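Generate coordinates for the entire structure from the input sequences, incorporating the hints supplied.
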Amino acid sequence: MSIRFAFAGFRHGHINDLYRLAGERVDTEVVGACEEHEPSRSKLEGGKLQITHSSIDEMLNEVDCDAVAIGDYYAKRGSIAIQALELGKHVIADKPLCTSLDELGEIERISKDKGLSVGTMLTMRDHGQTIGVKQMIEEGVIGEV
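If you count by our numbering, then the sequence shown holds residues 1037 to 1181, one letter each, in order.
Since the hints were derived computationally from the structure, they do not count as laboratory data. Quick caveat: nothing in here was measured; it's all calculated off a predicted structure. Incorrect hints may appear among the rest.
As the list claims (entries may be wrong) - For each label pair, taking beta carbons as the anchor points, the in silico distance ranges come out as: (1) Met1172 to Glu1122: 41 to 49 Å; (2) Lys1170 to Ser1091: 38 to 46 Å; (3) Ser1076 to Val1181: 36 to 44 Å; (4) Val1177 to Met1037: 42 to 50 Å; (5) Arg1145 to Glu1098: 19 to 27 Å.
The beta-carbon is built from N, C-alpha and C at its ideal position, and this holds for glycine as well.
Here's what the structure looks like:
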């Protein structure tokens, strides 16, 4: 069984990496991709991304997916996450997930009520320098953290 991803917005490079990875893995599948900003959509369509929708609302209501990957403008991410969760979809988003505590509370409430996962793309966690700092902290090299 593969995880079916729909992508909502491509306003940051990290979401492009997740799109690429989802297309390469045997256990994931890209079933939808939307960029609402027309000039950005035109640029993306000329590249390696296959944009299927010009409206996030339409994509979320039309595409059968398990998870929604969110990379739209910061101010839009929270409302997209809430909409996806309300539709019963897991959510992964570029950081920040949302821009208000009200949105964060709603995301937490819906995800708990529906038993859905919410995550953010912590893309530096496997970089050498991050691993090195983590090891230094664990060994007490830089003191108590």
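Can you name, in rising order, the numbers of the hints this structure does not satisfy?
When the structure is compared with the hints, none of them turns out to be violated.
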